[in-house]
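S.K.: One-letter residues, chain by chain:
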Amino acid sequence: MSGKHAGCLRLWFSQPLLGPRDVSPLLMWSVAVAAMAVVPFFAGPWLLSTVRDALVMGILALSYDLLWGRAGVLTLGHTTFLGLGAYGFAIATVQFGQASLTGLAVGVLCAGAVAAAIGYFLLFAGARLHFFAIISLAVLIVAQQLAVSWQSITGGDTGILGIPGLSFGVGSHTFDMRGPRASWYSVAVVLLAATALIGLVCRSRYGKVLDAIATNEWRAKACGYHTSFHLLLVFVASAALAAIAGALMAACSGVVAPDVFSPLLATEVILWVAIGGRGRIGGPVIAAVVLTLLRQAVSSYSTDGWPLILGGLFLACVLFMPNGLRLHDLLEAARRAGRAVWIRPLVHRAGHAREER
Amino acid sequence: MIGILNISSYTCVLAMIALGLAVVFGMMDIVNLAHAEWVTIGAYALAVAQAVGGKEAFWLALLVAPAVGAVLGWCLERFIIRLLYDRPLDTLLATYAVSLILQKALELVFGTQPMLVYAPFSGAVPVPGGSYPAYRIFVIGVALTVTAGCWLLFARTRFGTQLRAVIQHPAMAEATGIDTRRLNRIAFCGGAALASLAGVLVAPMVSVESHLGVSYLAKAFFVIVLGGIGSIAGSILGSAVIGTAETLLSYRVDPSLASAVVLVLSIVVIRFRPQGLIPGFSAAHQLLGKG
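Line by line, the protein sequences are chains Y and S. Using my numbering, the letters of the first sequence map in sequence onto residues 1 to 357. Using my numbering, the letters of the second sequence map in sequence onto residues 1 to 291.
Hints are not guaranteed to be accurate.
What the hints assert, rightly or not - Cβ-to-Cβ under 10 Å is the rule here; a few derived chain Y residues that face chain S: (1) A116; (2) F124; (3) P322.
Said to hold, decoys possible - In silico SDA-like links for lysine to any residue, alpha-carbon gap of 25 Å or less: (4) S:K104 to Y:M321; (5) S:K104 to Y:L308; (6) S:K104 to Y:P16.
As the list claims (entries may be wrong) - Derived coverage of chain Y by chain S (criterion: at least 3 residues anywhere in the stretch with Cβ under 8 Å from a Cβ of chain S; other residues may be distant): (7) 129-136; (8) 142-149; (9) 267-278; (10) 302-315.
FYI, nobody ran anything at the bench for these hints, they're computed from the structure. Every value quoted in this text rests on a predicted model; they were computed, and no experiment measured them. Glycine included, each C-beta is placed from N, C-alpha and C at the ideal position.
Build the full structure now, drawing on both the sequences and the hints.
M.R.: Encoded structure:
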């Protein structure tokens, strides 16, 4: 029986042979690994912690990219799971004095359970697209209200302070991940591992199935796939990854406030994936890191400005860039513009010639 | 008796907000996440009118706010939604961005502190088992009148028949010579006007801030999903269910816990009745959406 299941799993996740298409993702990934390893030796502690927080947002963007980009499930409340992970971690470590790994597990389990419950009731009922998006927004709003009003557990408006950093023991040796450099490396390892894992899953047969469901669910169903089940699986996996991001965020910054449930952050997540390109893996992560750093730069000038900029960017992205921003397209556009500037006299002459004819 | 009045005043306001949303959703397959902002715009219009013209300007605002809402709704439809007719899911994101921008713009213009609004008259009306604020009874009356008017418009006029035809089958309606684009625009403006009117009505009962509408938005969507898409009776029944559940629960438990319970209840109901309590005119329009 177990052999059959293992064979089944091997079939799902079997990888195609390496081909020329894999060169650029592999190259990008290796560059990212090298950059993550090298950066702490050059950056100061403040810059390091700022970029580290942005990298945590990159993990969040990755989880949303899996859900929206790959499986085509739009939600407006993805930060519910970020918040659940953060609060789960904080409550387990601060209120109950558990080890940080237990806290992480509690956060991930909470988020996974909530996602499984919501997903079971909605996805199996056939709720898709708008409906799922709206109800997830409502879940987010209710989660925020609960976080504010349930003071004995969540600490109300102030949230939970003094969350311990990550540390875990293997055998007799204890790894302490509290210092700026150590926490950088732990975040970087999680991000790179998650990127690689999702990249592999999307490359395998399972990725093809998800693509099929996202493109046309009816046809995928007609091909014999239990689409609701696969969507639920992706939803729970994405929620768990978001919860890991939340727990890392809580461990790195040491505080959790009801802000994590704010619809604003949920909007930013969508924007990251929309700009970075749905279904691509590197793009959303880079967009998340860049836009988070941009937000910090903007909010050091004015706190009101960011939501306006965010809304404007969002609108522009939806109206003019439905497929996201691609480096390739940018280069192409620049090349075309450059050529137009150079060859303009020629074009004019050609136009005249056509008119004369 | 007071309980019943509380329930009905909440239900009536909810129904007015949900009506416009339901019709637009049913017709154009557009989820207008900026709909709640029109409630806020209505409330701010009232605040501005009263700041200029004193307390009695309420009656003026009752007429002006829907007009302002309709004009702004027309702008939204003309400049943003029309560009996205063939990408329904993107309109959801676009309207979300619009609601974000509107909220912040209102904050920038009017400041973050609550605006001052007054009820046009005070006093209480004796009812069996105590007395009840006269203004709330007025709200119930206005909301009932407006809802009944919408119902008549939908069920009894030529325009209403055309609207229902567009909801049922847009392509077929177009083939019989109905200008669907024009009807869409009118319905969108009408929904915006209704939401603004609801904003004026609720303003004296709540604190008028830039995120006033957000709490109504999620409820209004539950109303639609519970009641059935594109059906007026469904959205009225849905608001009755949600309004009753929430008001009764908030007597016993914390309000935020009450909304959590309502949320869970509606999710469970959706599982077992995906097409809503009263399925709308559109038989094909199930939870999958048309996009």
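S.K.: Tell me, in ascending order, the numbers of any earlier hints that this structure violates.
M.R.: Numbers 1 and 6 - these are the hints that the structure violates, sorted from lowest upward.
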